[in-house]
Structure formats: structure tokens, C-alpha cells
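Protein chains: 2
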Amino acid sequence: MDPNKESVDKILGDFEKHIQTYQYGQSPIELYEPISYIMNLGGKRIRPLLTLLAYSLYRDDYEKILTPAAAVEVFHNFTLMHDDIMDNAPLRRGKATVHEKWNPNIAILSGDVMLVKAYDMLLEVEKEKLPSVMRLFNKTAAEVCEGQQHDMNFESRDSVSEEAYIDMIRLKTAVLLGFALQYGAILAGAPDADAGRLYEFGVNIGIGFQLKDDLLDVYADQAKFGKQVGGDIISNKKTFLLIKAKELATGEKQEDLKRWIDAKEFDKEKKVAAVTKIYDALGIRELTEAKMHQYFEKGFGQFSSLQVPNPKMKALLLQLTQDLANREK
Amino acid sequence: MDPNKESVDKILGDFEKHIQTYQYGQSPIELYEPISYIMNLGGKRIRPLLTLLAYSLYRDDYEKILTPAAAVEVFHNFTLMHDDIMDNAPLRRGKATVHEKWNPNIAILSGDVMLVKAYDMLLEVEKEKLPSVMRLFNKTAAEVCEGQQHDMNFESRDSVSEEAYIDMIRLKTAVLLGFALQYGAILAGAPDADAGRLYEFGVNIGIGFQLKDDLLDVYADQAKFGKQVGGDIISNKKTFLLIKAKELATGEKQEDLKRWIDAKEFDKEKKVAAVTKIYDALGIRELTEAKMHQYFEKGFGQFSSLQVPNPKMKALLLQLTQDLANREK
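Those protein sequence lines, which keep their order, are chains A and B.
Just so you know, the first sequence maps onto residues 1 to 329 in full-length UniProt numbering.
Just so you know, the second sequence maps onto residues 1 to 329 in full-length UniProt numbering.
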């Protein structure tokens, strides 16, 4: 067995055990049951893992920060609970969303209390670190909300620029990865410059991960991919690919693309095939991959320049993030 | 002019000026405009005023805690924004609610960011006080959510006990008044025993205020009352009055009450008159007043036993809370 893999699994196992025993609250049950429900839908626990690994670059007692690390996961799941209401999503990780299983009011209120519980977990950091940690957390939390609002605004907009799109995904998803890493470094007492660089690393690979998501939705191998390939095409989701295609298409391709986007009724498979063909003709895949690699290179470059006390842990964190960058599903 | 009145007005004026200049955020405007909108709908600013007055029992530099005091008002307005979605309320203080003026998604997300901004304001307390203040704030915030969930649960329940109702209003509205007072005392460095007593004072008068609300909704003088007298009767709202009436009514009165509650179509004025008549016959007004006075007496008793450095400010705080206890609208 890969000894590196073993260490990440150990940390993940300890984290999982820890959050299973955490008490969010008891009564009324309608408020607290949805919290356990969404927290137990699984997921890869990337964010708290980033916090625990960043901490472990500098110290070997990550058990001490399991609750503070959980704050990032609880916050992330709070945003999922509320985003699912806004997006009217019936499913999350293959299971009914909270507003579907209970109702939207419960999903609003249970989400609100989750955000409060994330702050409760944050309170478990060392006293003298609380103000700076909370300031960064608040900034990040507001940015995640801003990103979600930009994303909703894009839905009703006719065109979105590449720049506006990158800024939206930076806010909506990437800054939380940056925070997770910086937070772990701060909790470990790492130098400010290191913590800042880890933040930048997280933001850059976070943008890369989202571009990867956009790519996989069109170009994944259906046999390996967890969901329907082409889902974004079917729903006209303004991904990096569609934004670039709209920008670059002219003549017949432009008209074709517009017709498929405007079509109220269509054969899903035909639409996916036709739009993918337009993407291929315009070289959208290559353009998106180039943009993605640009962010990965920047991020991994920032990471590799770090000098840390525990190089073994650095290799583990690199492996984990590279696996995510190279994933096929 | 009453010099006491002048001082409260001065504090209130300073607070109002302060929150007018506070910057919540800029972009996207859909996220931040609703915050300014709801914060500018007015209201009496009772909660931050309680914080500022409690602080002023011990110190004479309340200007230093205007931002921390605003945290309570921002939190309160966040709960209003989300409660209005859940209650499907079209109006708040005579103006369109946020979910009506914009849409429910904006009201969810703008509310979320408001809660984060309340924590930002909390961050302005002295560093060494932050952990204890935040712990109390989190506890209170979770309780307010619990109270709202209990209230929603009551809507679909056939019967609610007096005890469950009092506990619901304690959580939903009273604990935040208790927190506001305790918070001001803590920020002023008051003895723990004083801060604890101010909390109890706030919770007890808070329960009294809600019972007063329930009473006014039926027994206010329509000429003085801001809204339609009898609104709670029309909507079958499970107030203390209705809960007691259901508990005590027998025979014909019980049947009458049930018929009015179950009626799908009815003349509003007739329903209000008929249910009020049942309340009168059962002595509900007196019962509710007695319960209310019980909480006021307990609260004001706790308050009067306090020994504080600034007795003039104590008189002001007493006057303010007694005015609220005696209000007719």
C-alpha cells in the first residue's frame, strides 16, 4: 500500500469520525436533522482536508484542529443547502435535497443555523488567533455569496465575458479552497508569507478545478462519469465552454449555436452532439484546457516554491491536489 | 424638554448616523441593496439601544461600541428578511418585503450575507472579549432560529400548550433582548453577575412585550393602532389569547370558536367581533394581562436590584423599557 495514501486516509478517517460525533443541536428536530442529513451525504471533504494538510505542513498534531477544520465543511454544506433552494435542484449527490425532502422553509432556516454552527466551530481556534481567522472567514463567506449572486445574474444575461466568468468562479468556489489552506497554515503558526502563498495556490487551483468541471461535463468518458455527459449543454448553462463558443462562433456555427440554445423542445442527445460538434470545430476544448493549465501552473508553481518543515506532507498535499486536477469524473 | 428623553434621542441619533455610513459591500448590487433597504425601513432600534444603554450604565463612551451594537440590529433584520420569506409576508413596516420587491432567491442570499456582516460588526469588540461575546451571540442566534422553527411547527399543530408557547416566544424574540443587554454590559466590563441579571431582565420583559403584542392585536384602540385590530384572529394565529381560549372554552363557546377557526369564508369584522366576544366571556384578556404582568414584574424586579455606577442612565433604561411595556400601539 502507498504509505502516502495511508496518511491521507488516516486524516480523513479521523476527521470523519470527529464530525460524526459532533452535536449540532437537538430541538426542534426539523431544524437539526437536515444538518446531519446533508453532512452525511458524503462528498470528498476536500476543504477540511486541505486545512488539515496545510496545518500538517508545519505541525504534527492535526487532531487538535479537527473542529476548526469542520467549520469549513459545515460552511460549504450550508451554501449547498441554500444554493439548492435557489437552483431548484431536486438531487444532491443522488439523494433528495433538503428543500425537497422537507420543505424550502426548513432548508432556509436549517441552513441559517448551520452558518451559526460553523462560527461555533471557528470559536474552537486558539483565542489569540480568533480575530484574524474570523476576519478572513467573513471575507470569504461574503465572497462566496457574491459569487452565487453573480452566477444567478448570469442566467438572465444574454452574454457574459470570459473575465466576468472567471471572476464569478473565483468567488463562488475558488476562494473557499484558498481560505481552507491559508486557515490551516495560520492555525499552525506558519509565516504570513506562506499562509498567503497557500491562499493563492488554493484560489488558482480552485479556478482550474471548476474549468475541469466544465470540461468533464462535455468531454468526460460516460462510462467513468457519475452523471449525464452534456448536462450543461442541455440546460444552456453558461460555462466557460459556452461563453467562449458564443464569443468565437461566426456565420453558420453562430446561427446553429443560437438555434440550439433557443430551442424550447429538442432531442437531448441530438443537442449534446450538435453543440459538442460546434465546440470541436471552434477548438473550445483546447482553449479551455489551455486556460485551465494556466491556472494550475500558476497555483502549483506557488506551491512548489514553499519551504516547509514537513516535506513528506508537502508531497501528500501535492499528490491530492494533482489527483483532483487530473480526475476523470 | 425632558433631559432623559434628550439623552436617549442623542444615543439613537448617533447610532442612526453611524449605521447610515456603514458599508456592507458594493457588488453585486442585488446582494447589497436589499441590506440597505431593510435596514432603512426604520423601526425603533430597540435592540442596539438596549446594548448602548446597558453599556452606559457602566461607562460614558458609548461612541466606541456603535459598530458592535449595530451587529444586533443587523442580525435582527437578517431574521426579518428570512422570516418574511417563510411567512410569505408581502409587507414589512408598510413597505414591500425584500422577496416581494426583488425575489426569494435574493432574499435568501442577501440575508445570508447580512448574517456574515453581523459577525463582521461583532469583530469590532475588544480582542479579549471576542470569544465570550461570540459564544453568547452564537447561542442566541441558534435559539432565535429554534424559536422560528417552533413557531412554524405550531401552525400545523392542532393544539399548543401555554408552556410551549411561552418557550417559543422566549426563543424567537426574548433571548435577543436579553443578549442585547448582557452584551452591552460585557462590553463595558460590568461584573458577570450584573451582565447575567441584565440578560434575565431582557428575557423576562421580552416575553412580556410579546404578550403585549398579542393583547394589542385584539384590544388596541383602532385609532391609535398602526395596523388592523384583529389581524391575528382573522389569520387564526396561535397567540397566547387563542391558546388559552382553546384550553378554557367548553360547550357552546368551544363550538363557536371552532366554527370560526375552521371557516374558510367569513366576514372579517364579524369573525373579529365574535372571537373577541368569546375571549371576553372567558376572561382571556385578564388572564393574558396577568401573565404579562408576571413577566414584567420579574424582569423589572431583577433590574431594580442592580447597583450601577450611573443611576441616571439606569433611570433612562427603566423609562424606555416601561414605555415599551405600556405602549398602546
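Note that these hints are calculated values from the structure, not bench results.
Warning: the hint list may mix true and false statements.
Derived DEER-like restraints, expressed as beta-carbon distance ranges [stated by the list, open to error]: (1) B/Glu16 with A/Gly42: 44 to 50 Å; (2) A/Gln20 with B/Asp267: 55 to 61 Å; (3) A/Leu41 with B/Ser156: 22 to 28 Å; (4) A/Asp9 with B/Tyr22: 54 to 60 Å; (5) B/Glu16 with A/Glu124: 49 to 55 Å.
Even glycine gets a Cβ: it sits at the ideal position worked out from N, Cα and C.
Tested hints:
no.	hint	in the structure
1	B/Glu16 with A/Gly42: 44 to 50 Å	48 Å, holds
2	A/Gln20 with B/Asp267: 55 to 61 Å	57 Å, holds
3	A/Leu41 with B/Ser156: 22 to 28 Å	27 Å, holds
4	A/Asp9 with B/Tyr22: 54 to 60 Å	47 Å, violated
5	B/Glu16 with A/Glu124: 49 to 55 Å	36 Å, violated
Hint check: violations occur at hints 4, 5; the rest are consistent with the structure.
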